[in-house]
Amino acid sequence: MKKHAYFHTFWGDEWPTLEFLEPYFTHPAKDFGWFPNSSNDSAGISLQGLDGTEHLPWGRGRIDINLLMWGHPEHGVLLIYERVGGEDPYGYCSKGDVSRLREWVRSLHDTPLPVGLFIPFAEAWKAVKEFMESEGQLPTSIEWIKGEDLPEGTFPDP
1 MKKHAYFHTF WGDEWPTLEF LEPYFTHPAK DFGWFPNSSN DSAGISLQGL DGTEHLPWGR
61 GRIDINLLMW GHPEHGVLLI YERVGGEDPY GYCSKGDVSR LREWVRSLHD TPLPVGLFIP
121 FAEAWKAVKE FMESEGQLPT SIEWIKGEDL PEGTFPDP
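When the count follows the working numbering, it moves up by one through the sequence shown with no breaks and lands on 158 for the last residue.
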């Protein structure tokens, strides 16, 4: 199994330290996007090649766990936890104010993201930290909603 991450200035086949990540959640940039001096507001941490599939290429049997993140200065962080590949893929989204699922904000890449799935930065930090400390387990420190339980159109086409 291999670790991989992209997070602001960090990109590589390992995970950044908790000390590197924490300020992005405890003192997030408020001026333009989540990451200062960047045109990016998304990040990801993954485990690649679960259950002995590390020798297989992506999309051809390799099983990965991904924790995907989008930060927004006003709304917090949208987290998506997903298991991809293999016979049983699934996904969960952070559960914010679900009465706002039909409101969207655009990411810096112009992707519409549902406001109702954003959670405060401090809550997202608990989940990211737990994900890393548990080696990719679904964090229990926040509420999640199964992707299949989201109303149709929650993530509209850009």
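No lab work stands behind these hints, which were simulated from the structure alone.
Watch out, some of these pointers could steer you wrong.
Unchecked claim - Distance ranges between label pairs, derived from CB positions: (1) E54 - P151: 29 to 39 Å; (2) S141 - Y90: 26 to 36 Å; (3) D157 - E22: 31 to 41 Å; (4) K2 - E87: 16 to 26 Å; (5) E103 - T17: 30 to 40 Å; (6) W104 - L56: 17 to 27 Å; (7) K2 - P151: 14 to 24 Å; (8) D149 - E103: 31 to 41 Å; (9) R100 - L50: 19 to 29 Å.
Claimed, not checked - Straight-line Cα separation of at most 30 Å, DSSO-like style, residue types lysine-lysine; simulated pairs: (10) K129 - K95; (11) K95 - K146; (12) K129 - K2; (13) K146 - K126; (14) K30 - K129; (15) K126 - K30; (16) K95 - K30; (17) K126 - K2.
For glycine and all other residues, C-beta sits at the position ideal for the given N, C-alpha and C.
Going down the list of hints, with the structure as the test:
no.	hint	verdict
1	E54 - P151: 29 to 39 Å	holds (36 Å)
2	S141 - Y90: 26 to 36 Å	violated (19 Å)
3	D157 - E22: 31 to 41 Å	holds (35 Å)
4	K2 - E87: 16 to 26 Å	holds (21 Å)
5	E103 - T17: 30 to 40 Å	holds (35 Å)
6	W104 - L56: 17 to 27 Å	violated (36 Å)
7	K2 - P151: 14 to 24 Å	violated (35 Å)
8	D149 - E103: 31 to 41 Å	violated (18 Å)
9	R100 - L50: 19 to 29 Å	violated (33 Å)
10	K129 - K95	holds (17 Å)
11	K95 - K146	holds (9 Å)
12	K129 - K2	holds (18 Å)
13	K146 - K126	holds (19 Å)
14	K30 - K129	holds (22 Å)
15	K126 - K30	holds (20 Å)
16	K95 - K30	holds (22 Å)
17	K126 - K2	holds (23 Å)
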